[in-house]
Amino acid sequence: MENEQGKTGNYSSELIDELKDKARKIRIELLEAIYKAQSGHPGGSLSAADIVTALYFHKMRYDPQNIHWDKRDYFILSKGHAAPVQYAALAELGVIKKGELDYLRQLGHMLQGHPDRMKTPGIEASTGSLGQGLSIALGIALGLKIDKEKDRKVYVMIGDGEMQEGQIWETILKAGNLGVDNLVGIIDYNGIQLDGFVERIDDISPLKEKCEAFRWKTIEINGHDFNDILYALDESDKREGKPIMIIARTVKGKGVSFMENNPAFHGKAPNEEQMKQALQELGKNR
Amino acid sequence: MGEIIKQSLRESYAKTLIKLGKEHQNIVVVDADLSTSTKTALFGKEFPDRFFNIGISEQSMIGIAAGLALKGKTVFASSFAVFASGRDWDQIRQSVCYNEVDVKIVATHGGITVGEDGATHQSNEDIAIMRILPNMRVIVPADAFETERVIEKVYGIKGPFYVRLSRENFPVIYDKDYKFELGRFDVLRKGKDGVIFAIGKEVYESLSAAEELEKEGISMTVINASSVKPLDKDLIYQYAKEFDRFFVVEEHQKIGGLGSAIGEFITEERPIIIKKIGIDNIFGVSGKADDLIKYFKLDSKGIYNYIKTVMGG
Ligand SMILES: Cc1ncc(C[n+]2csc(CCOP(=O)(O)OP(=O)(O)O)c2C)c(N)n1
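Protein chains in written order, with the numbering used here: chain A, -6 to 279; chain B, 35 to 347.
Hints in this document: simulated from the structure, not taken from any laboratory.
One thing to keep in mind: the hints can contain errors.
[To be verified] Calculated pairs, DSSO-like style, for lysine-lysine (alpha carbon to alpha carbon, straight line, at most 27 Å):
(1) B/K309 <-> B/K275
(2) A/K261 <-> B/K342
(3) A/K112 <-> B/K322
(4) B/K331 <-> B/K224
(5) B/K53 <-> B/K224
(6) A/K261 <-> B/K267
(7) A/K143 <-> A/K29
(8) B/K288 <-> A/K112
(9) A/K29 <-> B/K322
(10) B/K224 <-> B/K249
(11) B/K213 <-> B/K267
(12) A/K112 <-> B/K309
(13) B/K322 <-> B/K40
(14) B/K224 <-> A/K261
(15) B/K322 <-> A/K91
(16) A/K90 <-> B/K322
(17) A/K112 <-> B/K331
[Said to hold, decoys possible] Just some of the chain B residues that point at chain A, by a computed CB distance under 7 Å:
(18) T70
(19) Q93
(20) L104
(21) G106
(22) E159
Note that CB positions come from ideal geometry on N, CA and C, so glycine has one too.
Sequences and hints are given; from them, build the entire structure.
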C-alpha cells in the first residue's frame, strides 16, 4: 500500500472497517438532513466525510460527554457550508440529539446553514464566510502555545476553492514563519467549487510545492482511504517546528454515484427519486 | 388578492447586462465563484472575452474591477451582498470610491430572505456600509422591471454604484414603461393619514399592509425609496411638511439603513419622528425566506400590526 509519497499506514482491519461503517452512517445522516431541508451542500459534505470521521472517531482528543474538556483538540470547519457532515458526526457522538438533524436549516432550530458556535454544542468557531477558519485556527494554536498546552492540537479543514481566498495565503505565510507545529490544515481537494472545476476557474496547483515554499510540512493522501488518512494524522503528531498541511485528494459527492464529481450537487438537495437511489447506494438498510 | 406574479431580479439583471453588452463593447463583468447564483454566468456565456470569474477572491475581484475601469471599462462586479459589500469593503473604499472609477457593484442575496444559509450569508448591514462611502451611490430595486431600468441607468452614469438585489423572486409592481430616476422616489399609493417609505421586497409588503390598513380606516401613502443614495430630498421635505411622523420599512438593520439616511437628512431641516421597521441589531437565523420575513415582522401583517398600533387604530 503506497500513496503518492510512497507512504501509508497499516492499521488493523477492525479499526478501518469500524471507521468505514461510521463514515457510511454519517453520509446517510447528512444526506437525509439535506433532503428533509431541501437545502444545503451535499457535495462538499460527502467529500469530507471520511476525514471528519477519522478525526472525531479516532484521532482527536475529544470527550463527547464533556465538550469543553480543557485537554481537547480543536476542529474548525473553515469550509463552513459542509456543516452537515460535522452535524452528523456530532449526532453520532451524542453531542447533539439525532432528532436535530431533521430540522437542519429550519427556523427555531439549532442546526444553522453554517456552523454557529452560539447555537450548536460542539462547534468551536462560527464559519461560513470562506477563508476565515484557517486564521482562527492559527489563533487558537498560538493560544495553546502561550499557555504551554503542548499536547493539544488544532485541526482545520479547508476547501480547495476556498484556497483562492487571499486570507488563506496570508495565514499560510504567517503560520509557516511562526513554525506553529500544533496546527494541522487539511485541504479537501475535491477539484470542484461552486461555479465548476477549480482548475478551470482559478487553479490552485501545485499545492504541495506552494505550501512547502511557505515553510509547511505537507502530506499528500487519498482522502477516502483510511489507512492514508490515519497515517497522515499520525505523521502530523511529529513536532518538526512546522505547521502541517494534509493535501487530501477527494471526490466531491463521494459515495453517491450521480453526485460524484458533479458540480450540480455543490449546493443542491436531492429530490425524492435521487434520494432513494442515494440511500440504496449507501446501504441504508445494511 | 389576485394571483401574484413574481419575477427574478437576478435574471432581469443578467438579461439587461447582455442587452447592454451587445450595445457597448466597454462593458466587462467580474464575479467571485457565484456566477451561477448571481446569473452573471449568462453574460459570460455570451461574451467570454469580457467576463472574468476571479475565483473565491472578492478582494482581488474589486481591485481588478478598479484596474479595468482605469483602462476605460465600465465594470459590473457581482457576488452575494454580504461578501460583495463586506469582505472587500476596504478595496471598495480605496480602489473604487477614492479613485472614482466606473465600477458598479451589483450584489444579489441581500437581506434575510437569503433564507436557509443563515446569518453568515444574510446581508443586513450592506446599505449602511456602502452608503457611508464618499462617491458611492446606492440603489435597491423593488422588482424585476425596476432592476432592468436601474441597471441601464447606472451604466449611463460614470462612477461607483452599489445595487442590491435579492435571492427571492419579487412580486411584480411595475411594467415595462416604468422609468427610474437617480435621486427620485416613486409614490405608489396616496393616503391622507401617514406615509411609508420602503425598499426592495418591503415595497410590496408595505403596499399590501396599506391595503389592509385602508379597511381599518387608516389611509397610507406608500413610497418606493429605491434611490437610497442620493435620496429624493425634495420629496422627503414635502412629506415632512405634511406629516410629523414617517414609517420606514427595510430588510436591513434599523441602524444605518434607509430610515437612518432619511433621518440624517430631514432632521437637519425639521423635527420629525421616524419609526423604523427593520432588524434590531441582531444577526439573522436559518429558515425559509417566507418564515423569516414573518419572524422578523417584515411581512405585510407585521407592518400592518406595527403601524396600526402606532397610529392608535
Ligand atoms: C467569502 C465567501 N465567498 C463566497 C462564498 C459562497 N460559496 C459557498 S461554498 C462556495 C464554493 C466552495 O468551494 P470549495 O471551497 O471547493 O468547497 P467544496 O467544494 O469542498 O464544497 C462558495 C463560493 C462564501 N461562502 N464565502
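| task | List in ascending order the numbers of the hints, as given earlier, that are violated by the structure. | result | When the structure is compared with the hints, numbers 2, 5, 6, 7, 12, 14, 20, 21 and 22 turn out to be violated.
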